[in-house]
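Below, each chain spelled out in residue letters.
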Amino acid sequence: MKYLDEFQNPELARRLLDDIRSTVTRPWALMEVCGGQTHTIIRHGIDQLLPEQVELIHGPGCPVCVTPLEVIDKALEIAARPDVIFCSFGDMLRVPGTDRDLFQVRSRGGDVRVVYSPLDALKIAQQNPHREVVFFGIGFETTAPPNAMTVHQARKLGIPNFSLLVSHVRVPPAIEAIMASPDCRVQAFLAAGHVCSVMGTGEYPELAARFRVPIVVTGFEPLDILEGIRRTVRQLERGEHTMDNAYPRAVRGEGNPAARAMLADVFEVTDRSWRGIGTIPASGWRLSERYREYDAEHRFSVEGITTREPAACRSGEVLQGFIKPHECEAFGTLCTPRSPLGATMVSSEGACAAYYLYRRLGTTPTPQEASPVV
Amino acid sequence: MSDTLHPAPGGSSRGGPTPADRGLPTVDISGWTCPAPLRDQPRVVMGHGGGGALSAELVQQIFAPAFGGEILAQLGDSAAVSLGGVRLAFSTDSYVVRPLFFPGGCIGDLAVNGTVNDLAMSGAKAAYLSCGFILEEGVEMPVVAGVADAMGAAARAAGVEVATGDTKVVEAGHGDGVYLNTAGIGLIPAGVDLRPQRVVPGDVVIVSGDIGLHGVAIMSVREGLEFGVEIESDCAALGGLVEAMLAVTPDLHVLRDPTRGGLAAALCEIATASCTGIVIQERAIPVPPAVANACAILGLDPMYVANEGKLVAFVPRDHADAVLEAMRAHPLGAGAAIIGEAVATHPGMVVAGTPLGGTRVVDLPLGEQLPRIC
Numbered sequence: 001m002k003y004l005d006e007f008q009n010p011e012l013a014r015r016l017l018d019d020i021r022s023t024v025t026r027p028w029a030l031m032e033v034c035g036g037q038t039h040t041i042i043r044h045g046i047d048q049l050l051p052e053q054v055e056l057i058h059g060p061g062c063p064v065c066v067t068p069l070e071v072i073d074k075a076l077e078i079a080a081r082p083d084v085i086f087c088s089f090g091d092m093l094r095v096p097g098t099d100r101d102l103f104q105v106r107s108r109g110g111d112v113r114v115v116y117s118p119l120d121a122l123k124i125a126q127q128n129p130h131r132e133v134v135f136f137g138i139g140f141e142t143t144a145p146p147n148a149m150t151v152h153q154a155r156k157l158g159i160p161n162f163s164l165l166v167s168h169v170r171v172p173p174a175i176e177a178i179m180a181s182p183d184c185r186v187q188a189f190l191a192a193g194h195v196c197s198v199m200g201t202g203e204y205p206e207l208a209a210r211f212r213v214p215i216v217v218t219g220f221e222p223l224d225i226l227e228g229i230r231r232t233v234r235q236l237e238r239g240e241h242t243m244d245n246a247y248p249r250a251v252r253g254e255g256n257p258a259a260r261a262m263l264a265d266v267f268e269v270t271d272r273s274w275r276g277i278g279t280i281p282a283s284g285w286r287l288s289e290r291y292r293e294y295d296a297e298h299r300f301s302v303e304g305i306t307t308r309e310p311a312a313c314r315s316g317e318v319l320q321g322f323i324k325p326h327e328c329e330a331f332g333t334l335c336t337p338r339s340p341l342g343a344t345m346v347s348s349e350g351a352c353a354a355y356y357l358y359r360r361l362g363t364t365p366t367p368q369e370a371s372p373v374v
Numbered sequence: 375m376s377d378t379l380h381p382a383p384g385g386s387s388r389g390g391p392t393p394a395d396r397g398l399p400t401v402d403i404s405g406w407t408c409p410a411p412l413r414d415q416p417r418v419v420m421g422h423g424g425g426g427a428l429s430a431e432l433v434q435q436i437f438a439p440a441f442g443g444e445i446l447a448q449l450g451d452s453a454a455v456s457l458g459g460v461r462l463a464f465s466t467d468s469y470v471v472r473p474l475f476f477p478g479g480c481i482g483d484l485a486v487n488g489t490v491n492d493l494a495m496s497g498a499k500a501a502y503l504s505c506g507f508i509l510e511e512g513v514e515m516p517v518v519a520g521v522a523d524a525m526g527a528a529a530r531a532a533g534v535e536v537a538t539g540d541t542k543v544v545e546a547g548h549g550d551g552v553y554l555n556t557a558g559i560g561l562i563p564a565g566v567d568l569r570p571q572r573v574v575p576g577d578v579v580i581v582s583g584d585i586g587l588h589g590v591a592i593m594s595v596r597e598g599l600e601f602g603v604e605i606e607s608d609c610a611a612l613g614g615l616v617e618a619m620l621a622v623t624p625d626l627h628v629l630r631d632p633t634r635g636g637l638a639a640a641l642c643e644i645a646t647a648s649c650t651g652i653v654i655q656e657r658a659i660p661v662p663p664a665v666a667n668a669c670a671i672l673g674l675d676p677m678y679v680a681n682e683g684k685l686v687a688f689v690p691r692d693h694a695d696a697v698l699e700a701m702r703a704h705p706l707g708a709g710a711a712i713i714g715e716a717v718a719t720h721p722g723m724v725v726a727g728t729p730l731g732g733t734r735v736v737d738l739p740l741g742e743q744l745p746r747i748c
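One line per chain: the protein sequences are A and B, in this order. In this text, residue positions in the first sequence follow the working numbering: the first is 1, and each later residue adds one. In this text, residue positions in the second sequence follow the working numbering: the first is 375, and each later residue adds one.
With the rest of the complex left out, here is chain A:
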């Protein structure tokens, strides 16, 4: 995987930074849509290296962060049932629901398992025919196709004890919602490359034209990010607003037709609630009528969920780019990865977690007793 070295090359990074510096003449606010991009930016200190005029605003593209509290509470309730094996990607386990997380459900006897693929969950269902196996299907257009494929396989193989708890979301309606907000100060987007590798770039030219914002499809390595910023700033300085693909090694215009066909077969577009933001029309997927029997919400009739969002948590404003994580009063005090108020602090792709993990130089910790090695 020589790409790893090539796309982190300091000399090439310096050249891109020089180009950005020589191009920019006035302040610009760019939003990187994806949480993976946010972590690359903060982990590598890219925001520290950019000229002052280029401000990066962190977008809503963290699948864990935007999953609504109600869905997490539903997951927790299903996972606590004695007949259920609840499977999830690892980073959902620590996300707080109203009064607990999946780790705590497991510590109380719930059978919660971390899997690396939804197909692993299907295998568990085959191996445990007398238990109900539920996979927590969250995420953007990147994770939706394999989850759709798994449901498709469950039907094909006649596996009745498998179901999906679905909370999939779509990026373009989120961009539209952000741009339509009267408080919006985003002037351009670094679009999420992995989403476009599935869906293609077809949805973006119209958005770019309608809102008069450059949308540059961008990858996830440091040089990808810098190249995306360079192209975005060039457009802004020239007064252009088009869709540009700066991630051609992964993204084709038509995306991945097989994955899109699978999505169209298994899912249908629906309105979806985003944690901290609210409901965005047509911004999500649910299982289509043909596959409704594999919908965990129907199978387990999880109803009567009452959620309580912590009042001090401003993750919604962070997700929409209104404030930076450290501008929240609870940041680093009431809210830390150890005791998170919101998913943006606990998710591995959350903007608050990125700031807390990598950017606390201003808050020197108090020396403590020697820590143990146990």
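Hints may be right or wrong, so weigh each one.
To be verified - No more than 20 Å apart at the CA atoms, straight line, and that leaves these computed lysine to any residue pairs for SDA-like: (1) A:Lys-123 to B:Arg-596; (2) A:Lys-324 to B:Gln-655; (3) B:Lys-542 to B:Asp-523.
These are calculated hints, taken from the structure and not from any lab test.
Could you slot chain B onto chain A? The hints should help.
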């Protein structure tokens, strides 16, 4: 919301009787004033064994107060004790690794090398080990024999004698085949005093070779992940390497074997205990390409991945070149590299220089690293 949970495997309920129900004293954590209380983790979760912040809290808030004693309060890899005028290092560790056999080793040599290394981090040469087997009913006898043979071979290679032991058998379903505990004692040579409190600004930080091999090797077999090349654990006894280093100078300041929690946890613990800052350069840290690739796929940071045959040394600057040379002359230190230094600024905090020229904080992991969703 339902809180009904199914019994744990084997019929007992992990969500069952409270300590009070069983006549045990209860711990009221609501009144604790520690800045990082356990009140949001009323039950043990897997992270309490992950070698990160949760593990540290468990020891500091429950075990250390319960046991008392100045020696335990040092919280080192091993305890330095005096007996009859002789300075001894004394250590114990338990092993619950799955699978029992993995590329590059098995639970048996892991248990021997782990305790030998804990003693070596005090500068001691291990002399005698104890060995406790906890076997699960039904485990195949050749498996037990294989583990025991591996322990014997590892002990002979490390020049240590397994002098005493114990065996218990638990009912089927109450273990993962074989759990091991080893304890060990060894002599600390005159003039050797390895403690984090001896670290001073200016000390050079040296790591003995490639990091992340053990953790990735275990993940690859445990989760059935394939990374294109087989990655073997670095499991090894470090007594000989430490002897070679001490032969150059007994004035090493501290040694740590970065096991669970990886290099990041070891550095954070030393920074906290020594009240010095630590600055490392990411590009100087030896990470084998196979580990870097596997971590990139899973969204993990190699600095947080476990090692079993590596050490981190803090060495006075005057001795650094000689120690590095001695390490590189030893087979287990051939890949040794200087990765940073102790500094007077930001006491208690570890800061990494990124390859692109930025900086970021390196924090103690909370519990276990969780692979990201996409």
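Hint check:
Between Lys-123 of chain A and Arg-596 of chain B, the direct Cα distance comes to roughly 16 Å. Compliance with the 20 Å bound is thereby established for this hinted pair. A hinted pair counts as satisfied when its Cα atoms are at most 20 Å apart, and Lys-324 of chain A with Gln-655 of chain B does not qualify at roughly 27 Å. Proposed proximity of Lys-542 of chain B and Asp-523 of chain B is supported: the alpha carbons are some 18 Å apart, at most 20 Å.
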